[in-house]
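Protein chains: 2
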Amino acid sequence: MAQQNIFDNEMFFDGYRKLRDKEVNANNLFEIPAFLSLLPDLTGKEILDLGCGFGEHCVAFVEKGAAKVVGVDISEKMLEIAAKENSNPAITYINMPMEKIDEIDGTFDLVVSSLAFHYVEDFDGLVKSVYNKMKPGGLFVFSQESPLTTAYGNCDFPRWTWDENGRKLYANIADYGVEGERESEWFVKGVKTYHRMFSTVVNSLADAGFTIEKMTEPLPDDALLEKYPEYYDLFHKPDFLLVRAAKK
Amino acid sequence: MAQQNIFDNEMFFDGYRKLRDKEVNANNLFEIPAFLSLLPDLTGKEILDLGCGFGEHCVAFVEKGAAKVVGVDISEKMLEIAAKENSNPAITYINMPMEKIDEIDGTFDLVVSSLAFHYVEDFDGLVKSVYNKMKPGGLFVFSQESPLTTAYGNCDFPRWTWDENGRKLYANIADYGVEGERESEWFVKGVKTYHRMFSTVVNSLADAGFTIEKMTEPLPDDALLEKYPEYYDLFHKPDFLLVRAAKK
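Quick note, the sequences are listed as chains A and B, same order. Just so we're aligned, residue 915 is where the first sequence starts under our numbering, counting upward by one. Just so we're aligned, residue 915 is where the second sequence starts under our numbering, counting upward by one.
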């Protein structure tokens, strides 16, 4: 099973970096706050970050008291930036596909991953590896694109239907029950993501031995909607799914 | 909080009975097999069935070895049929809203419910009551309409978009993130259902103390699709969500 390394494609990388540099985007407004709200107290914790990218989370974890952070990413380019901008004696960056974390020494109190799992084909296998790398009592916190978002792909109709005023009226959802690869264009052609139903995400976690503690589909509140009314579309189709699961 | 008793409305009841009497419907093809596949060995078990309706499941449980079955339903009319057609010394039918199961004596090895919870406003409270009525080691197995189905309501557009050949192209999903009451027409006007996101279903179970073991969104297999190609639409939008959760 080949691991996709789209982040080392230069056009993709440049487009992605510009997007992440924008202050107002769905990640900053919804995914990051929801992700942080699911984390436990990090004091003294040993943490593994899967798909750590530029290492922003890794360095934030150290600032919040983490004893040790291992950041794993398949992209050499992203880890070069991480090493330049977010290095710290308590952080080790490892350039490898997250499917190979069995090779990392030790076990962790907390395994996290932010918006990387929808690039992973074998989620079931990955979740089992994560479970094995965790200490008893440990937590697993991750975000991914919502199954309502990953369902779309290879379609000859748009994601949305708009009303006569140009507002999104509803999301066009097809093939939600057809799991597997989706090819789409995001900065470059041929970006591959993998769609899984809500039930499949839950079952992979349950089968590995995890107890699901919390699931979040972030939505805007009134104050945010007043400032950015365009995000009402998240009520029709949330962008993100976040989970906290425990190894009891 | 008022409990809805739409099943004692005569027009609704007649329409519903005719639908359930049809051999080929989505309940028989998808919901019932998925529901049965989630059940444990029933030998000697004490079972509580919430929204038991005509009691078909209750009598089947006894035939499979259950020691005692309590069937609860808000509809007197349905329980009259249950008493006539599906009575058994091991079964007790109780006419009450399932929100009041705290009043029932004893605890159970298994609590089940088939396609009734989308009529319940306070799911969170109900799940806590179910947990309290269960023995340690007990299981909770239920089905409900899929959140992708309950999301629809009070909309001025149809549930589906069809292609030029009259095939369903995609489901029109709006207000998935807006939880709560939906009013729709199903045999009669004003049938109320309650929409909850996948994450809310999961969180109510987790907060009550349940460990989620399995979640199912039933889909047709190839053999079934060959016979009933119209059920391909379940790949776009599953009708049902089923869950098995354990009180550890």
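Don't read these hints as lab results, they were simulated from the structure. Watch out, some of these pointers could steer you wrong.
Identical chains share a label here; the pair holds if one copy fits it or two copies do between them.
Unchecked claim - Below, in silico cross-link-like pairs of lysine-lysine (DSSO-like), each with a Cα-Cα straight-line distance of 27 Å or less: (1) K1014 to K1042; (2) K978 to K1103; (3) K982 to K1103; (4) K1049 to K1014; (5) K1049 to K1082; (6) K1049 to K982; (7) K982 to K1042; (8) K1162 to K1049; (9) K1162 to K1141; (10) K1162 to K1128; (11) K991 to K1049; (12) K1141 to K1103; (13) K1042 to K1082; (14) K1106 to K1042; (15) K1128 to K998; (16) K1049 to K1103.
Check your understanding: At most 27 Å between C-alpha atoms: does K1128 with K998 qualify within a copy, between copies, both, or neither?
Key -> For K1128 and K998, neither the intra-copy (35 Å) nor the inter-copy (44 Å) Cα distance is at most 27 Å.
Exercise for review: Could you place K1106 and K1042 in one of the four classes (within, between, both, neither) given a Cα distance threshold of 27 Å?
Suggested key: Result: close within a single copy only, 22 Å intra versus 41 Å inter.
Review point. From the Cα coordinates, with 27 Å as the cut-off, is the pair K1162 and K1128 best called within, between, both, or neither?
Key: Cα proximity of K1162 and K1128: in one copy and across copies (14 Å, 17 Å).
Review point. Using 27 Å as the alpha-carbon threshold, which applies to K1162 and K1049: within, between, both, or neither?
Key: The answer is both: 9 Å in one copy and 21 Å across copies each meet 27 Å.
Review point. Within a copy, between copies, both or neither: where do K1049 and K1014 come within 27 Å Cα-Cα?
Key: within (18 Å within a copy, 41 Å between copies)
Check your understanding: Which holds for K1162 with K1141 at a C-alpha limit of 27 Å: within a copy, between copies, both or neither?
Key -> For K1162 and K1141, the Cα distance exceeds 27 Å both inside one copy (42 Å) and across copies (45 Å).
Check your understanding: Is it within a copy, between copies, both, or neither that the alpha carbon of K1049 lies no farther than 27 Å from that of K1082?
Key -> The answer is neither: 45 Å in one copy and 48 Å across copies each exceed 27 Å.
**Study point:** Identical-chain pair category, K1141 with K1103, by Cα at 27 Å
**Key:** neither (33 Å within a copy, 38 Å between copies)
Check your understanding: Using 27 Å as the alpha-carbon threshold, which applies to K978 and K1103: within, between, both, or neither?
Key -> For K978 and K1103, neither the intra-copy (38 Å) nor the inter-copy (55 Å) Cα distance is at most 27 Å.
Practice item. Evaluate K1042 and K1082 at a C-alpha cut-off of 27 Å and name the case that applies: within, between, both or neither. Key: neither (39 Å within a copy, 37 Å between copies)
Review point. Is the C-alpha distance from K982 to K1042 at most 27 Å within one copy, between copies, in both cases, or in neither?
Key: Close inside one copy (22 Å), not across copies (39 Å); limit 27 Å.
Point to revise | 27 Å Cα threshold - placement of K1042 relative to K1014 | key: For K1014 and K1042, only the intra-copy Cα distance (12 Å) is at most 27 Å; the inter-copy one is 40 Å.
In summary, the structure is inconsistent with hints 2, 3, 5, 9, 11, 12, 13, 15, 16 from the numbered list given earlier, while agreeing with the others.
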